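A.B. asks: What follows is the residue order along each chain.
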Amino acid sequence: MSAMLGLAVSISSCSKDPLKDMTDEESRIYVTNRANGVDFTSYKTFSIADSVAVISNSGKNERALTDYDKKLIADVSAAMTARGYTLVGKSAKPDLAVNLTRIDNTYSAIYYDPGYWSGIGGYYDPFYWGYPGYGYFWPSYYQVYQRERAVSIDLIDLKNPKNNELVAIWNAMLRGSGVWDIANVDSMVTAVFAQSTYLTTSK
Amino acid sequence: MKSLKNGILLIIACMGIQTAFAQVRSPLSVNVDYSIAQPLGSLKDYTDKTSFRGWSAGLQYHLNDRLSVGLRSGYQEFFQKLPRAVYHTDGGEISAVQTRTLQVVPLLATAQYQLAKPDAVVIPYVGLAAGAASMEYNKFYGEFSDKYNNWQFMASPEIGINIPFGKGSPLLFNASVQYMYSPYKMQEITSYNVVQANVGLRLHIN
Chain A
1 MSAMLGLAVS ISSCSKDPLK DMTDEESRIY VTNRANGVDF TSYKTFSIAD
51 SVAVISNSGK NERALTDYDK KLIADVSAAM TARGYTLVGK SAKPDLAVNL
101 TRIDNTYSAI YYDPGYWSGI GGYYDPFYWG YPGYGYFWPS YYQVYQRERA
151 VSIDLIDLKN PKNNELVAIW NAMLRGSGVW DIANVDSMVT AVFAQSTYLT
201 TSK
Chain B
1 MKSLKNGILL IIACMGIQTA FAQVRSPLSV NVDYSIAQPL GSLKDYTDKT
51 SFRGWSAGLQ YHLNDRLSVG LRSGYQEFFQ KLPRAVYHTD GGEISAVQTR
101 TLQVVPLLAT AQYQLAKPDA VVIPYVGLAA GAASMEYNKF YGEFSDKYNN
151 WQFMASPEIG INIPFGKGSP LLFNASVQYM YSPYKMQEIT SYNVVQANVG
201 LRLHIN
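Line order of the protein sequences matches chains A and B.
According to this note's numbering, the first sequence is numbered sequentially starting from 1.
According to this note's numbering, the second sequence is numbered sequentially starting from 1.
What the hints contain is simulated information worked out from the structure, not anything from laboratory work.
Note that the structure is a prediction, hence the values are computed from the model and not measured.
It is possible that some hints are incorrect.
Claimed, not checked - Think about it this way: if two alpha-carbon atoms lie no more than 25 Å apart in a straight line, the pair counts; the simulated SDA-like pairs of lysine to any residue are:
| no. | chain 1 | residue 1 | chain 2 | residue 2 |
| --- | --- | --- | --- | --- |
| 1 | A | K159 | A | S56 |
| 2 | A | K20 | B | K167 |
| 3 | B | K167 | B | A57 |
| 4 | B | K147 | A | D21 |
| 5 | A | K16 | B | K167 |
| 6 | B | K147 | A | P18 |
| 7 | A | K93 | A | R34 |
| 8 | A | K20 | B | A57 |
| 9 | B | K147 | A | T23 |
| 10 | B | K81 | A | K93 |
| 11 | A | K71 | A | K162 |
| 12 | A | K44 | A | D186 |
| 13 | A | K159 | A | G59 |
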């Protein structure tokens with residue numbers, strides 16, 4: 001049987017490589033996840049982090065405000081506003097917090113998920129949103145499990161903390177080639193909001 | 001002279017099964033064919049494009065003028081790239097260009113029955129094959145692969161023709177049509193149904 005399997009492997013080697021002619025645009029995927037049972041119209045205001053957390057599996061974690069980061073903050077703010085949410089300062093008790101994260105998983109092949117990186121220095125501690133001593137709760141996991149760069153947009157419910165945890169109610173994950181390229185921010189942010197039609201203040 | 005001829009025939013008769021029929025060709029043949037495959041049924045929900053990337057090869061041992069048994073393998077790849085679309089998942093959505101591939105490597109035992117004598121100009125035949133197939137399902141979301149590899153039962157009825165290049169020639173043109181069936185289930189595929197056309201050569205080697 002092993003000889004047969006060897007044959008199967010050598011036969012397959014004449015297959016077409018699906019990634020060979022793929023453009024960067026085609027390589028990218030935009031994944032959105034929502035928490036179950038959340039009524040997105042129950043939130044009216046939001047605040048957004050003033051910089052982008054950069055977490056890397058090289059161990060270097062920081063907050064950055066490059067031109068890319070400024071554009072990401074501006075685009076996500078504009079998209080939230082277009083859906084009816086009002087941008088307020090974080091001291092004005094917003095209903096929602098928006099955390100932005102660039103994930104650099106190129107250093108080695110270990111994986112990341114939000115439950116892990118939300119405890120990392122670069123990521124926004126709930127303290128930042130006025131909840132010292134709180135943690136984050138992630139309803140589901142969105143893993144980055146291969147060597148890649150990714151971008152994560154997290155919506156955190158600041159109105160209804162549960163058991164000393166702030167609940168993440170929506171996540172968008174941008175993956176593939178060129179997600180850290182400023183030229184792609186517009187189309188990527190447009191895509192994740194377009195596919196999340198429920199993310200609005202009006203029914 | 002006549003006794004010599006009888007003697008030779010007697011020796012050949014003693015050589016066993018090969019002399020059980022009027023021997024036009026040696027009993028063992030090998031065939032190699034180029035294959036084109038058209039998906040049917042639920043396989044079309046996964047990829048509805050005709051596959052032009054395939055081949056088939058086998059060995060066939062002729063028990064007599066009509067009946068032969070053998071082994072066959074091959075390769076067929078189905079491939080389709082879909083433009084960017086939003087797919088719904090359990091907890092949300094995913095926007096992606098999907099590239100769908102299915103690579104099939106059958107390993108089948110075959111039986112063929114020839115509908116004409118071996119010295120005919122055209123030798124039609126019917127066949128039946130059964131065995132297992134390696135199914136490699138690989139659905140890419142962008143550059144990210146969602147891949148599954150299984151072995152599954154496969155059966156295949158076949159009709160075809162062999163046309164010798166001259167009377168008694170060990171080399172024959174081969175053309176056939178097969179229906180390939182496998183109770184293969186994977187995501188949108190509820191069974192594997194394919195019509196496959198093969199064109200190639202058959203050579204009697206021993």
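A.B. asks: Hint by hint, note whether the structure agrees.
C.D. replies: Verification of the hints:
1. As the CA atoms of K159/A and S56/A are separated by approximately 30 Å, the hinted pair breaks the 25 Å bound.
2. A threshold of 25 Å between alpha carbons decides the hint, and for K20/A with K167/B the separation of about 48 Å lies outside it, so the pair is violated.
3. As the CA atoms of K167/B and A57/B are separated by approximately 24 Å, the hinted pair is consistent with the 25 Å bound.
4. Between K147/B and D21/A the CA atoms are separated by roughly 19 Å; this keeps the pair inside 25 Å, and the hint holds.
5. Straight-line distance between C-alpha atoms of K16/A and K167/B comes to about 41 Å, which puts the hinted pair past the 25 Å bound.
6. Our distance criterion of 25 Å between C-alpha atoms is met by K147/B and P18/A, whose separation comes to about 13 Å.
7. With a C-alpha separation of about 22 Å, the suggested pairing of K93/A with R34/A holds against the 25 Å cut-off.
8. A threshold of 25 Å between alpha carbons decides the hint, and for K20/A with A57/B the separation of about 28 Å lies outside it, so the pair is violated.
9. A C-alpha spacing of about 21 Å is found between K147/B and T23/A, which places the hinted pair at or below 25 Å, so the restraint holds.
10. A C-alpha spacing of about 47 Å is found between K81/B and K93/A, which places the hinted pair above 25 Å, so the restraint is violated.
11. Straight-line distance between C-alpha atoms of K71/A and K162/A comes to about 32 Å, which puts the hinted pair past the 25 Å bound.
12. Under the criterion of a C-alpha separation no larger than 25 Å, the hint pairing K44/A with D186/A is consistent with the structure, at around 24 Å.
13. With a C-alpha separation of about 33 Å, the suggested pairing of K159/A with G59/A is violated against the 25 Å cut-off.
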